[in-house]
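Residue strings, one per chain:
There are 2 protein chains.
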Amino acid sequence: MRNILLTIMYDGTEYFGWQLQPDHPTIAREIMKALERIIGKAPTLYVSGRTDAGVHALGQRANFYTDSSIDIFKLKEALNAMLPSDIAITQAEEVDIDFNARSSAVNKTYMYLIYNMRYLSPFFVNRAWHIKHNLDMERMRDCAEAIKGEHDFKAFMASGSIVQNTVRTVYSLDIEKQENLIRITVTGNGFLYNMVRIIAGTLVYAGSGKLNRSDVEQIILSKDRTKGAKTAPACGLYLKGVNYK
Amino acid sequence: MRNILLTIMYDGTEYFGWQLQPDHPTIAREIMKALERIIGKAPTLYVSGRTDAGVHALGQRANFYTDSSIDIFKLKEALNAMLPSDIAITQAEEVDIDFNARSSAVNKTYMYLIYNMRYLSPFFVNRAWHIKHNLDMERMRDCAEAIKGEHDFKAFMASGSIVQNTVRTVYSLDIEKQENLIRITVTGNGFLYNMVRIIAGTLVYAGSGKLNRSDVEQIILSKDRTKGAKTAPACGLYLKGVNYK
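For the protein sequence lines, the chains are X and B, in the order given. Heads up: the first sequence runs through residues 0 to 244, numbered per numbering that gives the first Met the number 0. Heads up: the second sequence runs through residues 0 to 244, numbered per numbering that gives the first Met the number 0.
One or more of the hints may lead you astray.
The list cannot tell twin chains apart, which means a pair is met if one copy fits it or any two copies do.
Stated by the list, open to error - The calculated DSS-like cross-link candidates involving lysine-lysine, where the alpha carbons are at most 25 Å apart (straight line), are:
#1 176 / 239
#2 153 / 73
#3 73 / 131
#4 153 / 229
#5 209 / 239
Source of the hints: derived by calculation from the structure; they are not laboratory data.
Kindly produce the complete structure, drawing on both the sequences and the hints.
Quick look at the structure:
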């Protein structure tokens, strides 16, 4: 039995997210269908974490077990030949039998893109959040300081989620602007449901003058989702990468 | 009478190029339709140069005459509200009555994108030429030297074109690589039909070891299109900008 780890890039626009769903195209279904054609059987995919409808990935990871002896380079080439053009396998490697793309992860990095101009570039349709008014970068960076570190992020979790332990550590939260594009990059040991999109929403509120650093501190302390900013749209979110030991 | 100059960005994937065509969506038709709704009449658009089906633009320019007294900022906002999301007006300005987006142009800059990896990034589908084998950047840059300057570029013009004077000056031709993306940027006083795509095709032949610098010099001297490399696909081409005095 071999354990194979895939690194996957996708434009999530046309999909109902990662997870298998009846009657809807999903990323997992496309990959399983392609694997079935190549190795004769659709394996279970162990993903680092599901992504929602419309969310993209630059470096999603998923592993699966197979008895197939197919050469790893040929497997990758065959997958890319069969998959639709909005999904690409950027890497395929054999890993230890007890490796799991989810539980072996040490930390994850997400990117959130904001196109900040009166018009939206045609090249970022469905690929960034369009904010027309000017955002104050200094204020966004100041509020980001309040989010960094270990906190109980209950106020940054979609209401209705039922996770018990809502303490997470944000190792870094960087905001850079290049021409009209604002790129938020956040690395943490784990993220609650919608947490990155709520962070992006909070930073946009900050950049719009609606929140300052102490407001953000108070929101975190409140542990109350209703006190915070709105959730940023899915189309701006990219799973950038997953790090393993 | 006012003369208004638009700067236009578009993803050309879904269009049959710039120029009006019966029964086909084109960039000019979309802009004229939107202008008709805003100023009550579809004006003639004077474009810096037509783009072909599938070709993109970051800074296309077109002017038109109107009697409308509409505020220029409002005109731009209304256009962006009405145009499909793959066309954006990035600038609108009033110019001298005798300004013409084509004949007033001093030079133009095109960009050509090549995605150089075994797989194609989902984010560059229809937006770059996918070349799987590794391209030799040094050899591409060496061959670019042969193209720079004033030459009779008849060998770099689509066969069937009927332009009399085929002498053009290429002021700069730069090739840079960032991760898997090769970006060719070329500025010239004018370009023959398909000239930039033939330059891109020639540079890819060079990077693949099929041509060296003296071969390229010989191709130019031959003035014979059949001696050269194949024309690169439209999807990698972007009209980056047009410069006026």
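Going down the list of hints, with the structure as the test:
no., hint, in the structure
1, 176 / 239, "both (18 Å within a copy, 21 Å between copies)"
2, 153 / 73, "neither (45 Å within a copy, 43 Å between copies)"
3, 73 / 131, "between (46 Å within a copy, 15 Å between copies)"
4, 153 / 229, "within (15 Å within a copy, 58 Å between copies)"
5, 209 / 239, "neither (29 Å within a copy, 37 Å between copies)"
Going through the hint list in order, the structure does not satisfy hints 2 and 5.
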